[in-house]
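A.B. asks: Sequence:
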Amino acid sequence: MKRLVLVSVLAVQTFAAVLCSAQNLFTKWEDRVRKTSAEQPGWVVPVITPAAIVTQLIKPEFARQITTTHGETDIWGDNKGLQLIPYYKTEVDIVIPPYIEHNNPAYGNVKNLDGAGDFSMVLKYRPFTSNEQHHNYSVAVQLAASGATGSYKNGVLRNTYTPNLIVGKGYKRFDVQSALGGNLPIGNIHTIGRTIAWNTVAQYRIWKLWPEVELNSTWFHLGPNDGKNQTFVTPGLMVSKFKLRKNPKDRLSVNFGAGMQIATSPFHAYNHAIVVTTRFVF
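Here numbering that gives the first Met the number 0 is used: the first residue of the sequence shown is 0, the next is one more, and so on.
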């Protein structure tokens, strides 16, 4: 009987210690997210362009790409996933593979081509920043890694790394963010090719509305599109943010928005695209 009592007491103490440790972990995590967020501008994350700030959120998205022959590609869960701030000034993204659905009459039974895209992860570090009360700017470096996990041709042929430099500057209600990066496959370079992407967005805040215009440009080196350039102009609107709890310290809120990519270059993989996004900030 004494042994049973002793085991019970030890079990209760162990459970209490684990619970206390978990509570301390979450408290420290929340404090770190608040501190990291308070030091940077409160800009909304653009529809497409990578943000110069670090954020913690869940992001489901949908995109529909439409070609000049009226073929459609629906990307369910485009760029969806979980963004975390596990360390000070640092963001880690887990991007779940999207499901890609093809609807192009020119290719007959394209349903055989439907399937999952690639799994990706992103590491972002924001070394320099200042919030709106001071100098209103932010600088971040980012490295994305994509695994060739997609079915058929719904993803990359080889594992790919994509480094990015992202900078942003604000003035009162206006801000500009720009990201320059390269898509670097680890093999089959002459077959796949490399790309340089430059995305720039200008945003203006009106109450909770953030109208924006993005310029999304890609230059191709080697591969099937060697020497070509693809450019889209993307007008969009983000609505941010709607808090889900009354506690001013509670970060739980929802943002949503949409944009329309419009091809402006002679070469383009698709004519235009609709992007719809929702972000649950926590």
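One or more hints might be untrue.
[Unchecked claim] Here are the simulated DSSO-like pairs of lysine-lysine, each with C-alpha atoms no more than 30 Å apart in a straight line: (1) K171 to K227; (2) K168 to K240; (3) K240 to K79; (4) K245 to K152; (5) K227 to K27; (6) K34 to K248; (7) K79 to K242; (8) K34 to K168; (9) K171 to K88; (10) K207 to K248; (11) K152 to K88; (12) K207 to K171; (13) K79 to K168; (14) K248 to K227; (15) K248 to K79; (16) K168 to K248; (17) K207 to K152; (18) K88 to K27; (19) K242 to K168; (20) K248 to K88; (21) K152 to K248.
[Claimed, not checked] Have a look at the derived ranges for each label pair, beta carbon to beta carbon: (22) G186 to S252: 32 to 38 Å; (23) T67 to A144: 31 to 37 Å; (24) L24 to T190: 30 to 36 Å; (25) G186 to R33: 29 to 35 Å.
Honestly, the hints are just simulated from the structure, not real lab data. For every residue, glycine included, the Cβ atom is placed at its ideal position computed from N, Cα and C.
A.B. asks: Indicate, hint by hint, whether the structure satisfies it.
C.D. replies: Quick rundown of the hints versus the structure:
| no. | hint | verdict |
| --- | --- | --- |
| 1 | K171 to K227 | violated (38 Å) |
| 2 | K168 to K240 | holds (20 Å) |
| 3 | K240 to K79 | holds (19 Å) |
| 4 | K245 to K152 | violated (47 Å) |
| 5 | K227 to K27 | violated (49 Å) |
| 6 | K34 to K248 | holds (12 Å) |
| 7 | K79 to K242 | holds (21 Å) |
| 8 | K34 to K168 | holds (20 Å) |
| 9 | K171 to K88 | holds (23 Å) |
| 10 | K207 to K248 | holds (19 Å) |
| 11 | K152 to K88 | violated (36 Å) |
| 12 | K207 to K171 | holds (15 Å) |
| 13 | K79 to K168 | holds (26 Å) |
| 14 | K248 to K227 | violated (49 Å) |
| 15 | K248 to K79 | holds (26 Å) |
| 16 | K168 to K248 | holds (26 Å) |
| 17 | K207 to K152 | violated (39 Å) |
| 18 | K88 to K27 | holds (14 Å) |
| 19 | K242 to K168 | holds (26 Å) |
| 20 | K248 to K88 | holds (19 Å) |
| 21 | K152 to K248 | violated (45 Å) |
| 22 | G186 to S252: 32 to 38 Å | violated (42 Å) |
| 23 | T67 to A144: 31 to 37 Å | holds (33 Å) |
| 24 | L24 to T190: 30 to 36 Å | violated (46 Å) |
| 25 | G186 to R33: 29 to 35 Å | violated (43 Å) |
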